[in-house]
Amino acid sequence: SQQGEEDPQALSIQEGENATMNCSYKTSINNLQWYRQNSGRGLVHLILIRSNEREKHSGRLRVTLDTSKKSSSLLITASRAADTASYFCRYNFNKFYFGSGTKLNVKP
Amino acid sequence: EPEVTQTPSHQVTQMGQEVILRCVPISNHLYFYWYRQILGQKVEFLVSFYNNEISEKSEIFDDQFSVERPDGSNFTLKIRSTKLEDSAMYFCASSEPGLIRIQYFGAGTRLSVL
Numbered sequence: 160s161q162q163g164e165e166d167p168q169a170l171s172i173q174e175g176e177n178a179t180m181n182c183s184y185k186t187s188i189n190n191l192q193w194y195r196q197n198s199g200r201g202l203v204h205l206i207l208i209r210s211n212e213r214e215k216h217s218g219r220l221r222v223t224l225d226t227s228k229k230s231s232s233l234l235i236t237a238s239r240a241a242d243t244a245s246y247f248c249r250y251n252f253n254k255f256y257f258g259s260g261t262k263l264n265v266k267p
Numbered sequence: 014e015p016e017v018t019q020t021p022s023h024q025v026t027q028m029g030q031e032v033i034l035r036c037v038p039i040s041n042h043l044y045f046y047w048y049r050q051i052l053g054q055k056v057e058f059l060v061s062f063y064n065n066e067i068s069e070k071s072e073i074f075d076d077q078f079s080v081e082r083p084d085g086s087n088f089t090l091k092i093r094s095t096k097l098e099d100s101a102m103y104f105c106a107s108s109e110p111g112l113i114r115i116q117y118f119g120a121g122t123r124l125s126v127l
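Line by line, the protein sequences give chains A and B.
Using our numbering, you'd call the opening residue of the first sequence number 160 and step up by one each time.
Using our numbering, you'd call the opening residue of the second sequence number 14 and step up by one each time.
Please note that a few of the clues may not be correct.
Claimed, not checked - Taking lysine-lysine and the BS3-like style, the derived pairs with C-alpha atoms no more than 25 angstroms apart in a straight line are:
| hint | chain 1 | residue 1 | chain 2 | residue 2 |
| --- | --- | --- | --- | --- |
| 1 | A | 185 | A | 229 |
| 2 | B | 96 | B | 55 |
| 3 | B | 70 | A | 185 |
| 4 | A | 185 | B | 55 |
| 5 | A | 266 | B | 55 |
| 6 | A | 262 | B | 55 |
| 7 | B | 91 | B | 55 |
| 8 | A | 215 | A | 228 |
Because the hints were derived from the structure by calculation, they are not lab data.
Remember, predicted model here, so these are calculated numbers, not experimental data.
Use the sequences and the hints to build the structure in full.
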């Protein structure tokens, strides 16, 4: 299977807490991307990390990449109710598959 | 900001009918995709399209499905004879040329087959 696999499958936290989601993959990559999907909507690209990067920040998002472990994590700091969504990773550019995602619920 | 637009937002059809879902990708993008999402399930890849031909398709994309870029702006997905199990959200996406290919998604068309 070429798609990234996210865990946990579901995560429920209180507003203000941090949320961490993980993605594991099986092949070598040149980049890994994280996407968000609000219920019933299209996916929105959040952040991209290249294979030669270890960490990247964008606002409240922090992505790390460990190519030796073939894994990435997405950290959302100071979560808000509006962060409630499903989060997916996708890697490489010649495969277009998404995993099952992590469903994040942020309780107000 | 440029966006991918899809029409209609909701399509209701009778089983056995043909439907055409329409998408206008972002204008300078060269790669186009269709995905579907059955209610409560994950986003499933259907097909990718580049240079006026299918570049990759999944096992879901059988002979009932076809894609077309009839002019310089539209990208369509046709389902020839709809089945009940085709009921889903259908998402169109497009991406720039190059190695990164961040995908930009439309808001989707909800297809309801009765």
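Are the Cα atoms of residue 262/A and residue 55/B separated by 25 angstroms or less? Holds: residue 262/A and residue 55/B sit about 11 angstroms apart, inside 25 angstroms.
Distance restraint between residue 185/A and residue 229/A, which requires alpha-carbon spacing of 25 angstroms or less: Holds, at about 7 angstroms.
Proposed proximity, residue 228/A with residue 215/A (alpha carbon, max 25 angstroms): holds (17 angstroms)
Within 25 angstroms, alpha carbon to alpha carbon, are residue 266/A and residue 55/B? Within the cut-off at roughly 23 angstroms; holds.
For the pair we were handed, residue 70/B and residue 185/A, check the Cα-Cα distance against 25 angstroms. holds (21 angstroms)
Sort out whether residue 55/B lies within 25 angstroms of residue 91/B, counting only the CA atoms. holds (21 angstroms)
Given the proposed pairing of residue 96/B with residue 55/B, does the C-alpha separation stay at or below 25 angstroms? Holds - the C-alpha atoms of residue 55/B and residue 96/B are around 19 angstroms apart, at most 25 angstroms.
Is the hinted pair residue 185/A and residue 55/B satisfied, with a Cα-Cα distance of at most 25 angstroms? Holds. Residue 185/A to residue 55/B sits at ~19 angstroms (cutoff 25 angstroms).
Of the numbered hints listed earlier, not one is contradicted by the structure.
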